[in-house]
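Peer 1: Listed below are the residues making up each chain.
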Amino acid sequence: MPSPQGLICQVCNQRPATMHLCQIQAGAAEGAGSKTVHLHICGHCVRALDLDLSTRPPDVSTILAANFPGKKVPQLSINLLPEGQRASAAQIKTTCPGCGLTLAAFKRLNRFGCPGCLVAFGAVIEDSLQALHGATRHVGRLPRRCSSDAERLLRERQQLRRELDDALTEEAFERAARLRDQLQALDANEAV
Amino acid sequence: MSAASQVIDRLARQPCPWLEQGEGHDGIVLSSRIRLARNLRGHAFRRQLDIDQQEALVMDLASTARTCPAWRRPPHRLHLEQLAECERLVLLERRLISRELAQQDEPAAVLVEPDGSASMMINEEDHVRLQVLAPGLRIEEVLARAIALDAGLEERLPWASDDRWGYLTSCPTNIGTGLRASVMMHLPALAETQELPRVLRALGKLAMTARGLLGEGSEATGHHYQISNQRTLGRTEGAIAADLQQAVEQLLRAEQLCREVLLDRQRWRLEDKVHRAWGLLTHARSLTSNELVAELGWLRLGRSLKLIERPSTNALDALLVMAQPGHLCLHHPEAADEALRDRLRAELVRGCLDGNAAA
Numbered sequence: 001m002p003s004p005q006g007l008i009c010q011v012c013n014q015r016p017a018t019m020h021l022c023q024i025q026a027g028a029a030e031g032a033g034s035k036t037v038h039l040h041i042c043g044h045c046v047r048a049l050d051l052d053l054s055t056r057p058p059d060v061s062t063i064l065a066a067n068f069p070g071k072k073v074p075q076l077s078i079n080l081l082p083e084g085q086r087a088s089a090a091q092i093k094t095t096c097p098g099c100g101l102t103l104a105a106f107k108r109l110n111r112f113g114c115p116g117c118l119v120a121f122g123a124v125i126e127d128s129l130q131a132l133h134g135a136t137r138h139v140g141r142l143p144r145r146c147s148s149d150a151e152r153l154l155r156e157r158q159q160l161r162r163e164l165d166d167a168l169t170e171e172a173f174e175r176a177a178r179l180r181d182q183l184q185a186l187d188a189n190e191a192v
Numbered sequence: 001m002s003a004a005s006q007v008i009d010r011l012a013r014q015p016c017p018w019l020e021q022g023e024g025h026d027g028i029v030l031s032s033r034i035r036l037a038r039n040l041r042g043h044a045f046r047r048q049l050d051i052d053q054q055e056a057l058v059m060d061l062a063s064t065a066r067t068c069p070a071w072r073r074p075p076h077r078l079h080l081e082q083l084a085e086c087e088r089l090v091l092l093e094r095r096l097i098s099r100e101l102a103q104q105d106e107p108a109a110v111l112v113e114p115d116g117s118a119s120m121m122i123n124e125e126d127h128v129r130l131q132v133l134a135p136g137l138r139i140e141e142v143l144a145r146a147i148a149l150d151a152g153l154e155e156r157l158p159w160a161s162d163d164r165w166g167y168l169t170s171c172p173t174n175i176g177t178g179l180r181a182s183v184m185m186h187l188p189a190l191a192e193t194q195e196l197p198r199v200l201r202a203l204g205k206l207a208m209t210a211r212g213l214l215g216e217g218s219e220a221t222g223h224h225y226q227i228s229n230q231r232t233l234g235r236t237e238g239a240i241a242a243d244l245q246q247a248v249e250q251l252l253r254a255e256q257l258c259r260e261v262l263l264d265r266q267r268w269r270l271e272d273k274v275h276r277a278w279g280l281l282t283h284a285r286s287l288t289s290n291e292l293v294a295e296l297g298w299l300r301l302g303r304s305l306k307l308i309e310r311p312s313t314n315a316l317d318a319l320l321v322m323a324q325p326g327h328l329c330l331h332h333p334e335a336a337d338e339a340l341r342d343r344l345r346a347e348l349v350r351g352c353l354d355g356n357a358a359a
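From first to last, the protein sequence lines are chains A and B.
Residue numbers are given in the working numbering: position 49 of the first sequence equals residue 49, and the series is strictly consecutive.
Residue numbers are given in the working numbering: position 11 of the second sequence equals residue 11, and the series is strictly consecutive.
Rather than coming from a laboratory, the hints here were simulated on the basis of the structure.
Where a beta carbon is used, it is the ideal one built from N, C-alpha and C, also for glycine.
This list has only true hints and no planted wrong ones.
Rough simulated footprint, nothing fancy, chain A against chain B, three-plus residues with beta-carbon under 8 Å:
(1) 53-63
(2) 156-165
(3) 170-180
(4) 226-233
Build the full structure now, drawing on both the sequences and the hints.
Peer 2: Below, the structure is given as structure tokens:
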């Protein structure tokens, strides 16, 4: 079923959720001590996870177990308001949950703050995009999913670099040298 | 000389791969270019990142992108903060970086194909701006090469995209395909016959724009124009390329027609412009960059119409780039002020054109 307006996908935590998957745990009827699992998800993540929603209701608990093994499902997020405060419908559409850029700031700068801004503001600025491009829907290429190896390597590189920065700040130069060597080894292994 | 400076020095001495060409299209279409804008998923753009975050992003992108096998040869890796101002200008004059990247203080890098035919800017307005250049009218060929590079990169870097909005970019004018396709053209006859404003207005109906030699914000010195697509959303990459091809072919026919008319009715006028240009360039003791580009434009026209037999097109192409401020400064660091550079430029031009006297 469609997700309510304003909810962010619990998988990517970036795009607006368009589908609400829910499943009553097998063997129990709701309201009689059973557990219902919910997942709000966007179309992009449905594709990315290869979910086939067309033939039968998905097994939500299996999806959750596969994608969030041993961890809590990320909280539903609407925007950057402190916990406990509910965002107004207007606010949901006017602040990017990814970077906090407001719609007003976007209009002033004519620049987005992060890749999530367009997804957040798209519905609101649709008319101006229509005027700019004569269209509001992409029909060209889209990236194939980046291989998990490549994503892992990129994360590894980013992690090493963070640790190197920390080591330098703490003046732990031996550790820093080891980390630098590890980074260089990564570069060397990947060199064309 | 640092490693980076050596790279720049080598690049600056090479002919420009996006200019050297035969006499196709009467010298009216000079070069083709494709630019793709891409951003890393889960990372904000430059404005929302602090310097440390930007530096980390630049290092990660540069290291990873370099391994893409679609580069013809392993690309040079240049970090902009290590380059002097004239070295950055050399890259700009070779169209390997934008004016924005050349002037920005924030961390930035560029990967450059050793033959100078492609480059990848890192941490400009978008995380990555990939571009490929070729001489003459070769939009489809350049697009194919840019897509091949992009396909190689997307296996290593998770690009931010959305099913509805396409590639997600910093500026709303680039969303969707993130594609800017452009062709550089020389249109002196259209300008001389006052037809150019009408023709350029008609470009708007095809959703194309015209800009000067060095892109956004530059003037159309020497009647050189960059024709490019305005819209990036709602058309496929192939369709945008086809639209540009159509617009260029229309402009090409219009320019050829105007040249025929001028030759037929006012040959003397053209000959006068061309020979004045020859006179000035072979005798002036001081030339500004703009003067040079303007007069080279007339010589190019003169060659195309066979009004003059010299200089060779290669000499014209070489001068168009080598006499630019960055290139001059690089080889003559003593030319600190503009007046001295203008005299050096004139000397370089006289030397080059005298050498072409027997061509």
